[in-house]
Amino acid sequence: MASVELRSISKHFENGTQAVKDFALTIEDGELVVLVGPSGCGKSTLLRLLAGLENTSKGEILIDGKNVNQATPQQRNVAMVFQNYALYPHMTVRANLEFPLRMSHTPKKQINSRVGEIADILQLSALMDRRPGQLSGGQRQRVAMGRALVRDPSVFLLDEPLSNLDASLRAQIRAEISRIQKRLKTTTLYVTHDQVEAMTLGDRVVVLDHGELQQIATPQELYEHPQNSFVANFIGSPGMNILPSGLIDRGDGRLDLSLGGQQIHLVPERQVYEKLVPYSGQAVYTGIRPEAFATRSKESSIELKTNVAAVEFLGHETLACLFLPGTASMHTDQPLVARLPGQFQQRGDDVSVFYIEQEALYFFNKAGRNILMEGSGNPPSLAGAVS
Amino acid sequence: MIGTHTVIKLFVYLLLMGFAGMFLIPVAMMLFGSFKPDDQVLAQAGRLGHLLPAEFSWYNYRDVFARVPFARYLFNSAFISLCIVAGGLLVNSLAAYAFARLRWPGRDWMLMVVVALMIIPLEAIAVPLFYEVTLLGWRDTYWVQIIPFIANAFSIYLFYTFFLGLPRELEEAARIDGAGPWRIFFRIVMPNAKPVFATVAILNLLTQWGAFLWPLMVTHSEAVRPLPLGIATFYSLPPLQWGDIFAFGVMMVTPVLLIFVLFQHWFVQSVATTGVKG
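So the sequences go chain by chain: A and B. Numbers in the numbering used here are just positions in the first sequence, counted from 1, shifted up by 10. Numbers in the numbering used here are just positions in the second sequence, counted from 1, shifted up by 93.
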């Protein structure tokens, strides 16, 4: 077990691509941190830099306080589970598990006991004489984890380890990874593009885009207080709806929000008002989570008139695709998505009214920064009375 | 009533059988001729009805051993081919691995040179190569028949294309597990590249087993001469006995045929995966 520190890491490839830009992260001893981001955002490169499979262009990597920039993967004592598992196809499960210990010249007796122990933890004992080609996806995944854990690594790296599994198996193995990590307390960096995995597994989640750090926070903080529109849109399924809008200061602690041709009166808390007022008369982006839409009004709700373009009934909930005239979603050019409990009945072609609590509104400036989080850790609440 | 389609099909099959016969009849003539008395071999040639011998005789085989040192030729061919194949597998696979996986200055240029070398036939460089080995004092040795043929551009290219297709993660996993470059190559890459090793081995073996021009240029003693030169001695060894030549031919071909049959599964698998025509 060890702590990991990445200091101002940058990585340029020979073809001119900058995969990682000035990235910094500290992982505490025994912590499980999830690195999440879309394909090509540099998350796997970061993992490879930490593993020693790539060299950094700039910055320092410290494991347990020691600079390991020049160290080989073995000297770093890191273990890695690859996306495609990278099991040695010509070796049995036992030989795969033994391989890292053989490479470190571990005595035979110790190899046997350690392999037996890991096989028990991962329930592999019955599969020891099979080759990877004779195993199912889930079994291969467990062998890959076993091979990584067998030599008791300082840092455990997982590169999208569940992406080749079907949905039900993914949930099962996810729980297993969490259980094993908690049991062994190995410092773990887990890379995924799946935000559900990130939210369910990580003590902390690191969001990355175009090689740049977007936010480091607990899953709950990421969901509730995204620092920018990218995080807001990326975290959540479906992601946050982000719409072009405008704010006008009415001068008496009240604001008018212009959204899709509708004028909505806001009465925010004083603190919120002060953060939003500088943006009066400017274009801003308003964020609304799909689950913030409601069909019944509450005291602090605002009213949003929409056309329902389509409805997807999912059993326990309904996804409604909404259309606001004159508005396009900032990130996807898709209609707004509302997530409604139970079954939502569309009432013909008429305008449907949805209610959104004021505190569920997010505001982003042109650069995509969360206006309510500017200059502070957690944002103030927007809750107030509707005029 | 026979339809036009059936007639065309019949015609096509007859044509194909004719072509197959063109290739198979000489082989059958060699095989069956080797068991015929010498005076019947040429006399009955061209008459399919007399393709099979009236009675099988081992006379020609015994005669081969009596007239030429067949065992010596066989040993020489086996030793030379084995050295070339084994050395070639090692050298060419390592070279290809360096091209496929390592980063070094001038790699792409060197690869282009290797690819270009594939189109230069031995005949084009035989004379300069002859001068070179003469200067080195290697003539009439085993080494003159082995060393120039260990490095082989086509083998490198075959290995290179196969290694490119191997998942890089296997080697990276081994690196993380603590294996060095040599261990990665011998413990991870080689066992997963058996089909291409088999293909290269068989192709090199076939080429070297039948090598004639170069051994003819650089050897003069029977002590180091391979089988193809052995068979050629019959043409200058009166009386000219075709039965002996056929028997020699059968004995010369049999070992490589057996090896091919034994390894054909890997060979076919590799040809299928690398897209290389044998």
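Note that these hints are calculated values from the structure, not bench results. All values reported here derive from a predicted model rather than from experimental measurement. One or more hints might be untrue.
Not everything, but these chain A residues come out facing chain B in the computed CB check (under 8 Å) [to be verified]: (1) Gln80; (2) Pro83; (3) Val88; (4) Ala96; (5) Ala105; (6) Phe109; (7) Pro110; (8) Met113; (9) Pro117; (10) Gln120; (11) Val206; (12) Tyr283.
If you want the footprint, here are the derived chain B segments under chain A, 3+ residues with CB under 8 Å [to be verified]: (13) 252–263; (14) 266–275; (15) 281–288.
Glycine included, each C-beta is placed from N, C-alpha and C at the ideal position.
Checked hints:
{"no.": "1", "hint": "Gln80", "verdict": "violated, 15 Å"}
{"no.": "2", "hint": "Pro83", "verdict": "holds, 4 Å"}
{"no.": "3", "hint": "Val88", "verdict": "holds, 7 Å"}
{"no.": "4", "hint": "Ala96", "verdict": "holds, 4 Å"}
{"no.": "5", "hint": "Ala105", "verdict": "violated, 10 Å"}
{"no.": "6", "hint": "Phe109", "verdict": "holds, 5 Å"}
{"no.": "7", "hint": "Pro110", "verdict": "holds, 4 Å"}
{"no.": "8", "hint": "Met113", "verdict": "holds, 3 Å"}
{"no.": "9", "hint": "Pro117", "verdict": "violated, 15 Å"}
{"no.": "10", "hint": "Gln120", "verdict": "violated, 15 Å"}
{"no.": "11", "hint": "Val206", "verdict": "violated, 25 Å"}
{"no.": "12", "hint": "Tyr283", "verdict": "violated, 54 Å"}
{"no.": "13", "hint": "252–263", "verdict": "holds (count 3)"}
{"no.": "14", "hint": "266–275", "verdict": "holds (count 7)"}
{"no.": "15", "hint": "281–288", "verdict": "holds (count 3)"}
Checked against the numbered hints given earlier, the structure breaks hints 1, 5, 9, 10, 11 and 12 and satisfies all the rest.
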